[in-house]
Amino acid sequence: MPQSLKQKIAEARRQHLQGTAKETYHATIGGTYIRDVVYGANDGIVTTFAVVAGVAGARLSPAIVLILGFANLLADGLAMAIGNYLGTKSELEYIKRERKMEEWEVDHLPDLEKKEVEAIMAKKGFKGQDLKKAVAIITADKKVWVDCMMVEELGLIAEDDASPVKNGLATFIAFSVAGLFPLLPYVFARLSPLSPFDLSIIFTALALFTVGSLRTLVTRRHPLRSGIEMLLVGAIAALAAYLVGYFIDLKIS
88 MPQSLKQKIA EARRQHLQGT AKETYHATIG GTYIRDVVYG ANDGIVTTFA
138 VVAGVAGARL SPAIVLILGF ANLLADGLAM AIGNYLGTKS ELEYIKRERK
188 MEEWEVDHLP DLEKKEVEAI MAKKGFKGQD LKKAVAIITA DKKVWVDCMM
238 VEELGLIAED DASPVKNGLA TFIAFSVAGL FPLLPYVFAR LSPLSPFDLS
288 IIFTALALFT VGSLRTLVTR RHPLRSGIEM LLVGAIAALA AYLVGYFIDL
338 KIS
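With the numbering used here applied, the sequence shown closes on residue 340, and no number is skipped along the way.
One thing to keep in mind: the hints can contain errors.
Derived DSS-like pairs: lysine-lysine, alpha-carbon spacing no greater than 25 Å straight-line [stated by the list, open to error]:
no.	residue 1	residue 2
1	K211	K201
2	K211	K229
3	K202	K219
It should be emphasised that the hints constitute simulated quantities derived from the structure, not laboratory data.
Build the full structure now, drawing on both the sequences and the hints.
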């Protein structure tokens, strides 16, 4: 057995024996908003640099880059935030409605609901007296009973700390902050001997790689692999935007 695996098993065993509520190797801390932050940051970088690349490909003035870039930051950032807010809100409302329906069924159709619990436990391998005990334990507490039906029958899990406002805000902040990186070279164009577009490529590449690497705080993937993955995705989008601007400029010219 590799030494690294032995160490991981030993650490997991130690945390379980200490009664740790949330073992660190599960990386639950920060996982609630990591999707919103990564998605927002990635989209902010890619879409803003796509604007920069498109304008550069069309050989337009740097002023147009700033105008379109900041307009994109505000409009697209707000659109993503509102979309995330409405999506999260709709999901929570759907889960709430389904839970009320399950509670009604438990109250008014307990015999049928018990049969459903029995079928669920039977699929998990419970038999005979063990099956009866499992069903009795679950159905003895209404909350546990409903929780079981929500997860096992409907496949719905409600996050206790889910918040449409916080999700939308996390997306907007991540989008706006990360989306600034492709524009910074144009804001401070006179401070560097490199052209703003060349510097924007460097800034964008570093930002994409950093965001990709930070995903590993929760995903536990290798930082280098995750960073390169996001860098390649951004490069494809940027190249497409640049070529579109370039060929449109050729047609117009």
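For this session: Would you check the hint for K202 and K219, treating anything up to 25 Å between C-alpha atoms as holding?
Result: Judged against 25 Å, a Cα distance of about 11 Å means the pair holds.
Exercise. Are K211 and K229 close enough, with their CA atoms no more than 25 Å apart?
Worked result: 21 Å, holds
Problem set entry | Distance restraint between K211 and K201, which requires alpha-carbon spacing of 25 Å or less | 15 Å, holds
When held up to the earlier numbered hints, the structure conflicts with none and fits them all.
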